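A.B. asks: Residue strings, one per chain:
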Amino acid sequence: MSSHYEAPIREPLVLGEKSYHDISVDVGAPVLGKANKSWWIVFTIALIAFLWGLGCIIYTVSTGIGVWGLNKTIGWAWDITNFVWWVGIGHAGTLISAVLLLFRQKWRMAVNRSAEAMTIFAVVQAGLFPIIHMGRPWLAYWVLPIPNQFGSLWVNFNSPLLWDVFAISTYLSISLVFWWTGLLPDFAMIRDRTTSPFQKKIYGILSFGWSGRVKDWQRFEEVSLVLAGLATPLVLSVHTIVSFDFATSVVPGWHSTIFPPYFVAGAIFSGFAMVQTLLIIMRKVSNLESYITILHIEYMNKVILLTGGIVTVAYLTEYFIGWYSGVPYENYTYLSFGAATGPYWWAFWALIICNLIVPLSLWVKSLRRNIMWTFFVALVINIGMWFERFDIIVVDLSKDRLTSSWTMFQPTFVDIGTFIGTIGFFFVLFLLYARTFPVIAQAEVKTILKSSGESFKKLRAEHGDDHSHVQTVEEYPADAGPSANVEDKDFDSSFNASDENFENNEVDFEAHRGKIDNLLSGIGTFDPSNQTQDDLKKISGVGPVMEQKLHQLGIFTFEQVSRMTDREYDLLDEIISEFPGRAKRDDWAGQALMLKNKN
Amino acid sequence: MAATKIHAIYTDDDLLMQAVKQTRAANYHISEVFTPFPVHGLDHAVGLAPTRIAITSFLYGLVGLSVAVLMMNYIMIQDWPQNIGGKPSFTFYQNMPAFIPIMFELTVFFAGHLMVITFYMRSKLWPFKKAENPDLRTTDDHFLMEVDADNHDVEMLTKFLYDTGASEISLIENEQDH
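Protein chains in written order, with my numbering: chain A, 90 to 688; chain B, 29 to 206.
Simulated from the structure, these hints should not be mistaken for laboratory data.
Keep in mind the model is a prediction, meaning the values are calculated, not measured.
Just so you know, not all the hints are guaranteed correct.
Here are a few chain A residues that sit away from chain B, every Cβ distance over 12 Å (derived from the structure) [stated by the list, open to error]: (1) Gly-158; (2) Asn-376; (3) Thr-430; (4) Lys-535.
The list that follows gives simulated cross-link-like pairs (lysine-lysine, DSS-like), each with its CA atoms no further than 25 Å apart [to be verified]: (5) A/Lys-289 with A/Lys-673; (6) A/Lys-126 with A/Lys-161; (7) A/Lys-673 with A/Lys-626; (8) B/Lys-152 with A/Lys-289; (9) B/Lys-152 with A/Lys-547; (10) A/Lys-290 with B/Lys-158; (11) B/Lys-157 with A/Lys-304; (12) A/Lys-126 with A/Lys-673; (13) A/Lys-123 with A/Lys-604; (14) A/Lys-304 with B/Lys-115; (15) B/Lys-152 with A/Lys-290; (16) A/Lys-290 with B/Lys-157; (17) B/Lys-49 with A/Lys-304; (18) A/Lys-304 with B/Lys-158; (19) A/Lys-373 with A/Lys-126; (20) A/Lys-673 with A/Lys-123; (21) B/Lys-49 with A/Lys-289.
Positions of the beta carbon are idealized from the N, C-alpha and C atoms, including for glycine.
Isolated chain A, as found in the complex (with noise of 0.2 Å):
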């Protein structure tokens, strides 16, 4: 139908021969399946650093502020330096599932779930450290314009540190509320393919009955607009406010008026970096290098590049006026020749070669589409950044307008574990949101798919753009009995057997003997005497034509089909040729076993 059409220069983004099911078993995969040993293994290390970081903090509070690094020059440094970092990675998120969806850029789709979630995780790290700044958490209510105790002693809402609280708990929250509301389908997805009754409960409750009616669907869409519409200021607002904290001072290097363009832009540059760091690990770990392409790696290198850009002309900008000016204070900004070459010259040059040097490597085609390459610059982009926020505080408060106050900033060891333990409980929530949440968007992968798929525009070269694009399903029943909540409803139909030919459905045996004898050698035979036979129909990707290939070859019960292994696997692929791999993608063994255990 030439309503899929696209234009065939365009790169498939999803590759390989994918129909809807295939995507539903590939996202569902890593929810279902079991944790590996390296999950495991960085999961423990994240852990740690969490407990580590908690630590310091329960320290911090406990004792009081005077635990950090601070002075009484340098008032702020690591607290807000990470609090400003954590914020900006929060960018890319909603950039991704915005401003991408109102530019109608199909490749968001496989990245905005992540990405969604590397924003609200990052978010709650940035909230952590402004709660610990105030010294007694216990009173953060007080930011809060709520009567008190003091007469009617208000917050102060001239004040840009009180538009950050506003700022960062509205962008939490709506961030928060489109993920959700984008994650039900997925969610009523993995709630339908689960055969565990645990699980289906969770899931049950976490999608909210979300049963995919037309008008939801309709809702559904609008919703996403209108919270596209809404987020995309909101995500600029956001760093404009963050970049208000400084600008509106009159410290030398924070007064300055393009902060909130160029704050916003290195936010999301800063943001992208992440989401390259987490998803070029993600794609690999849970299997997704269909969905998650070099081609998506190439898109997001390219928002690197602009960001990276506009925060290049920043730099040079702040450079150049400090010099221009002729104001002394001003040669001791973050970006002058004072810091260049003052105490202060390894954080400028770590500044300069992580965000403005190394990024540019990024011009060259092969280097964007390396994946280790991109890999390497998107950590350096994270520490670059990491140092233009601490040049930013550090440098510039280090050289004050009064010289005998002057100093160095020193952190303690509370001030890199509270650091450290942030990066701990980021990962710690990341993991577990890659084991429990299904990490693509697949509802709306599946509405790309024929147009962006690889094989329907393999089909579209081959046989011209009308070639019909109708994708017949092999039929197979549904997971936990036949309605998902209508007792003993069967869908069985007239109509199947003379769909599907049953009387041609012949297995060669002469051809096969020697296979087929194999095959059963490694499963066991089926012995109608002592045994019964299993609806093999229940395995998730046998539908009434399979299962009588395989009655025919002689297997007939789940304990046989559970013990196959990969040898046997080929050995049915070799002698029913339909459906290559299918019986391994679906992990009929794997089903087989608990269908068994349950009987």
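Using the hints, position chain B against chain A.
C.D. replies: Only chain B this time, still in chain A's reference frame:
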């Protein structure tokens, strides 16, 4: 009264679209369609009115803006005006530039959250709500069209649906309480 429905299952979205158009053209009433993903143009093909949820969002945004203006005016101008950094606090109008971030954030906060809550209420989505898709496969790769069979010859309707490409057809009889 027993409400008789026919559930027809399709395995492809293009097929479903075609079937929906043919079913409507044959003057059968489609009471519901369940799909695993948003099928572009399906709402129009089924004959649904456009959703008004964006309008509610606009109205909620106005509420949020009003709340922000009233709150700022009461707190910063009426109740306890203070000289903070020389920012004028005599009238709301003069102090307003400092309130723009709050006014914007509250507008977005109200518009976004209240719209999503409206969506959840209207579509009956909340924790512990039981899913109502009649077949588990409709969240995966199957598409289910529910057609009213009252006052129709079930045999003819079944044959018709079969010809539209349905892969499974079943008759549902619901006893309805009054």
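A.B. asks: If you check each hint against the structure, which ones fail?
C.D. replies: Of the numbered hints given earlier, those the structure breaks are 4, 6, 9, 13, 14, 21, listed in rising order.
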